[in-house]
Amino acid sequence: MKRFGKFWWDFIVGDDWRVAVGIVIAFGLTALLATTSIPAWWVLPLAAASVLWLSLRRVAR
Amino acid sequence: MGLTRGWRSTLVGAGAATLALAAIVGALGPALTVIPIGTLRLVVGGLLLVFGLQWLRKAILRASGWRAVRDEDAVFARERAEAADAPRVERAGLDWYAFTISFKGVLLEGLEVAFIVLTFGSTQGSIPLAALGAGAAVVLVVLTGIVVREPLGRVPENTLAFAVGVMLTTFGIFWGTEGAGVDWPGGDAALFGVLAFVLVTSLAFVTALRRRKLAFA
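Here the protein sequences line up with chains W and G, keeping their order. My numbering numbers the first residue of the first sequence as 1 and each following residue consecutively. My numbering numbers the first residue of the second sequence as 1 and each following residue consecutively.
Take these hints with a grain of salt, some might be off.
Calculated cross-link-like contacts (lysine to aspartate or glutamate; reagent style EDC-like; alpha-carbon spacing at most 20 Å) [unchecked claim]:
| hint | chain 1 | residue 1 | chain 2 | residue 2 |
| --- | --- | --- | --- | --- |
| 1 | W | K6 | W | D16 |
| 2 | G | K104 | W | D16 |
| 3 | G | K58 | W | D16 |
Hints in this document: simulated from the structure, not taken from any laboratory. Given the structure is predicted, the values throughout are model-derived calculations rather than measurements.
Put together the whole structure using the sequences plus the hints.
Shown next, in the form of structure tokens:
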């Protein structure tokens, strides 16, 4: 059971769980902005680039 | 596995995994079509984005020198030695080691491919078209393997991983945003803008990390 859970964790989340958490937060912000008149299409591209860079920097230091 | 432990058990394992995959796809495919398209795009977009960023992260770290590029020849030699050393246990008339390794390898890698094909097909409303694309890719890979004959050592693996990461991230951002209830400026044409953004940003990250690596050297 533990190995089964680890397989799915590795399959979906991978090496850096912070990336997945960042993307979930970005989705929440996008959905929130979608209910207002503020454009929200820029949130996910910016969030993807930001969480990727932060994840890379954690390795490259 | 076939070269080291023999082809019969290896091919039986790969065949059994292919049948299992077909059963999973047969059950999952129709189920996906009854999910509302907005929900499907949100979930699929999120998963593709997380997958894509995993691929991109590894490819960028390798391309910039912060992680070693996989030496496929060394991996092949190591795994071949491991397979040759494994004890031979017969079950159901098969070499159980060759059967299980082939079965697990084909099933797990196949699941990832099946997931991508099913989600791409269902979000765009044509699973058969996505399956046709996947089938064409299989034919291309097999033909390339036959022509090149030494595929693993020669395939530019990290470049492929980088390209896959860029594509998965692009579609993840595009569908995820639509699934969250947001329209893209310019409609579907915005996909090319997202692709350009992801590609340019990723290449800029490679350049920045290479410079950082040189500065540390």
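Do the hints match the structure? See the list:
Note on W/K6 and W/D16: the hinted pairing holds, with a Cα-Cα distance of about 14 Å set against a maximum of 20 Å. As the CA atoms of G/K104 and W/D16 are separated by approximately 25 Å, the hinted pair breaks the 20 Å bound. For the suggested pair G/K58 and W/D16, the alpha carbons sit about 11 Å apart, so the restraint of at most 20 Å is met.
Checked against the numbered hints given earlier, the structure breaks only hint 2 and satisfies all the rest.
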